[in-house]
Structures are given as structure tokens and as C-alpha cells.
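Protein chains in written order, with our numbering: chain A, 1 to 431; chain B, 1 to 109.
I should point out that these hints are in silico values taken from the structure, not numbers from a laboratory.
A couple of the hints might just be wrong.
[Said to hold, decoys possible] One-sided and incomplete, this derived list gives chain B residues near chain A with beta-carbon spacing under 10 Å:
1. Leu2
2. Tyr42
3. Trp55
[Claimed, not checked] Stretches of chain B that chain A covers, calculated by requiring three or more beta carbons in the stretch to come under 8 Å of a beta carbon on chain A:
4. 7 to 16
5. 66 to 79
All values reported here derive from a predicted model rather than from experimental measurement.
By construction, the Cβ of each residue, glycine as well, lies at the ideal position given by its N, Cα and C atoms.
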Amino acid sequence: MIGTNRGPRYSGAGLLWRGLRKSNWPRVWRDTPLKKSYDVVVVGGGVHGLATAYYLAANHGITNVAVLDKAYLGSGGSGRNTAIVRSNYLTPEGVAFYDRSLALYKSMSADLNLNVMFSERGHLTLAHTDSAVRTMRWRAEVNKLQNIDSSVIGPDEIKKIAPSLDTSPHTRYPILAALYHPPGGTIRHDAVVWAYARAADAYGVDLHQKTEVIDIECAGGSNPDGKGEGAKVTGVKTSKGDISARVVVNCTAGWAGLIAGMAGLKLPITTHPLQAAVTEPVKVFLPTVVVSGSLHVYVSQTDRGELVFGASVDPFATYDMGGTLDFTEELAGHVLELMPAVSKMRLLRQWAGLCDITPDYSPVMGFTPVEGFFCDVGWGTYGFKAGPVSGEQMAKCVADQATPELIAPFALSRFEHGMLVGEKGAAAVGH
Amino acid sequence: MLLVPCPNCGPRNSADLTYRGEASARPNPATTTPKEWRDYLYSEDNPAGWLKETWYCSSGCRRFFAVERHTVTSEFREPPLPGSKTPKPLGDVGGRAVVGDASELEGEQ
Ligand SMILES: Cc1cc2nc3c(=O)[nH]c(=O)nc-3n(C[C@H](O)[C@H](O)[C@H](O)COP(=O)(O)OP(=O)(O)OC[C@H]3O[C@@H](n4cnc5c(N)ncnc54)[C@H](O)[C@@H]3O)c2cc1C
Ligand SMILES: [Zn+2]
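Modelling step: build the complete structure from the supplied sequences, incorporating the hints.
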């Protein structure tokens, strides 16, 4: 569905042709000067911002759009996550939403003409306690009602799927059962970012990297500076100049509170780093994604053979992305508890990304009390899998000036009405 | 590791303490409006800079205390005394011990 014919279509034949002719590939997206005015300014060049821009152009014909990022595209969580996708959530609202995202991911390589390497390898969430087994059963029932392939399996079946897991009853935290979700898997996250960027660019969307938003201009609000409740957005100030715009979409994840603050709003969000680590590559032995909430760890093996691990967020709010020894120590202990055989493997490196955590582990999407200021934030540790559907629905929200049904439960106003969407049971260490 | 300066125990690994979040004054339940109460429950300043916060020394002396931390550099300082505006530096007693600088690394697939 690439809109115009800018740039070549990617294909095996094209690769061979260019290889034989030794001709260079052209730049994937344009480098354009900042215009004085845009219909829509999207702040944040991660998967959420880029998908929003793409669907605005592709589905609604709104192409006078800029995506601004203070660093490079994919420099936030979108290029740092462990790339796990699934739809076996706990609330009916969550399940419907993530299922749509998975459907969009499934056809993405074909739709956007870029291989995003979706590996539908299955997803196991382990239960080590009776209460965890109960949550798994609850999730499986909610999932089945919505036609999601999801069931609770016992240790014998777990052992058949992932023989490297220690399913004996003699461990410190014996594996009692697992929620098995065959459609879950991993996708190459950089490819997703590039696919949306390339496709949005082809529709004429301007992508501005190294362009930091330093203020949002508003008028008519209840705060002394004209911002806050009741205000209208008139433009943004950036490190590269001012832009006038009546619609600004906040897709800045870990920095979401700072951008909202520029419009005079406070969000129910705190910023926490989530750390991850990767080992040296070995032969493929782990066929599925394995998650253990009780042991605060999840692991999958990449196509190159490395094990990629993640854990839970650092337990205090900070914008500091330094890695810590506490993390690797705890991680190693828990991984060896699950898979004693990997004790000789070495970690290659660790890193962190910023996560925007909400009190109910559900996002904040759609309208805000400032007219023209939209949010698609609160994505915490689980927002990569939600990128496509969020972009699609946010674009619809902006274009129709009405909240689409699929994201209505995630409105900022739910905190006013006490209608929280509790996903902690499925998202806290879930991925 | 983040070294948190407990007034009783001195610098301790954050794993020994429990983070209780931003230190904001609770509105009076008898006179507050629903909006104020919701703001108190859910809205966060979440600044990239100095933040006044509460810690509970759960594995140590079990004291609750407020301290100011810089959420970008991870430095600590004592909150200003009532009536004074200048915060007191804590010197070398807190901060983050970091292995390598992961901030420049790209993610993994
Ligand atoms: C280690 C780790 C593992 C994870 N694993 C998973 C997983 O397995 N599955 C899953 O679904 N999710 C996972 N997540 C969560 C997921 O990565 C995020 O929720 C998701 O990437 C958020 O995407 P985004 O586009 O909203 O934000 P981001 O990708 O974070 O993009 C925000 C962008 O905003 C830009 N920005 C910030 N401030 C400004 C400003 N003032 N001006 C201009 N630009 C600005 C930043 O530079 C950044 O590029 C993980 C996260 C981490 C950190
Ligand atoms: Zn103490």
C-alpha cells in the first residue's frame, strides 16, 4: 500500500538486479526542511508516532503532517524493546485491542513492502503459584470468549514445547502450569520503525530527526500562561524553529509527561527505566517466548541465536538510563532457576529504555482537556505490540474528531470517573 | 544500583528500601473536592530534574523520609528546611553506581 512511487519497491528480483549492476540504494526517506505550518504535528518518532502519521495519510488522506524526534527515529523504546507481541490480555477491552494490532502486524510485511520478520513462535507465561495459575485460567477464559488461541497447559506439555525449561517439582519456584498462546511471537522492531517511516514518507509526511520540541503554544486555557484545561493548541516551538499547527499528537512514551506539561497538563504517568540484556549467540534451542511473572524475567532467542532477556522496571521513577549490576545479578539468578543449562553462557551487553507507567497498566489515548492536543502514551513496558493499532485508531480519532470505540476505555478521563482498566495481571512483567 | 541516603542508616542500596513516590501534601478529606482528590491520587509531576520524594527504609530502620533526587543525574540533596529556599547538598552519600553507559546503545530485536 505504498502511496506514491517514490523510491523502489523492495523485492528479491530488485535485490538481484541491483546487486548485479552494483547500483546503490537510494535514501529511504527524504530529508526536508521544517515547514512553517502543518495540519498535524506528531511528537515522537517511535512506532506509535510513525504509525499515527502513516495511517493519517493512508487511511484519511491527511498528508500535511510532520513527525518530530529529538534524536533519531526509533531511538526511544521502539528501538530498545525485546520485540514480543501477543494478544492474551486480561480485560476484554485489552484483548480486543491487542488482537487488532496482531492482525495488522501479520500483514505488515506485505502491506508496507518491508520484511518485518514476524516470527509467530508461540508465547508461554509460566505460573509458579496457585494464584498465578488462577490468573492464567481467568485470562484463558477471557481470551477464548474473544476467539484468541490461548489455553492453560501443565508441566508435561510445557516440557514438550520448551525442553530446556526445568519443569521438575524440586526447584525453588516449581513450574505449575503455563498460559500457552501460539499466535504470540517476536518481530524485528527496527524494521517496524523503518517500514512505517518509509511508507509515511512515500505519502509526503515530513520526518524531522534531531528536532526537539521545547514548548507547545496554546491560547485560552485556565492557567495564567493560557495553557491547561480549556486551551487550544496553536503551534509548537522546536530546536529548529517554530511551527504553527492546530493538532499536536503526543507519542513520546517515557517523555510524555514533559510534553504534556508544555501544554499545561499533568498525566497519571511516572517514568521508569526498563533494562534488558543479550547473550552471545548459540545454536537455536528455545523455540518460544518464555515469560515468568513471579521470577520477573522473560526470554526469547533471536534468529541469530542470542538470548534476549528483560525484567521488570526499576522500582523508582527516573530518566537515568544507566544499566545496573543489580539487574544482571537478579536476572542471571532467575534465568538459571528456569534453565539451569545456560549457566555457561555469557552476557554480551545490557541497556535500558524509558517506560511511561500508568496506575492501571493501560495506556492513555485520545482527547485531552486541551483542544487539539492528543495523547497516545502510557505504553509502559508493553507498547511495541500495540504500535499498529494505536496508530490506526489515533489517526481515526484525529481525522474524525471523535473517539473510536476501540480506544474509548483508555481515555484520560477514566481517572476522573474511576473507570480504570486493570491490566496489571497481564502486563506487569508480561510482555 | 542507586545509593539512597537514609537519615538513620546512611547510604543504602535502593533494593533495601521501598519507593513511595512523589511527596505531595494530602488534601484534607473533609474539605477536598473530587477533582483535587483525583489529582492527588493519580496526577504526577514526573519532572526531568529535582523531585521531592518519599522512601521507606523497609529492610533497615523502617523510617519514612523525604529527600530530593535529580531524576536525570541521580544526585540526592536534602529538601530545604521550612522557611529556607536553599536545599542542602548531601555530598558523597548517594547517587547511582553505573556499569558502563548503556544510554548510547541501541536495542536488540
Ligand atoms: C527494554 C525494553 C523492553 C521492552 N519490551 C517490550 C516487548 O517485548 N513488547 C512490547 O510490546 N513492548 C515492549 N517494550 C515497550 C515498548 O518498547 C514501548 O512501549 C514502545 O516502544 C513505545 O513506543 P512509542 O513510539 O510510543 O515511544 P518511543 O519509541 O519511546 O518514542 C518516543 C520518542 O519521542 C522522542 N521524544 C521525546 N521527547 C521529545 C521532544 N521533546 N521532542 C521531540 N521528540 C521527543 C524520543 O526521542 C523517542 O524517539 C519494551 C521497552 C523497553 C525499554
Ligand atoms: Zn534506614
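Against the structure, the hints:
no., hint, verdict
1, Leu2, "holds (7 Å)"
2, Tyr42, "holds (4 Å)"
3, Trp55, "holds (8 Å)"
4, 7 to 16, "holds (count 3)"
5, 66 to 79, "holds (count 5)"
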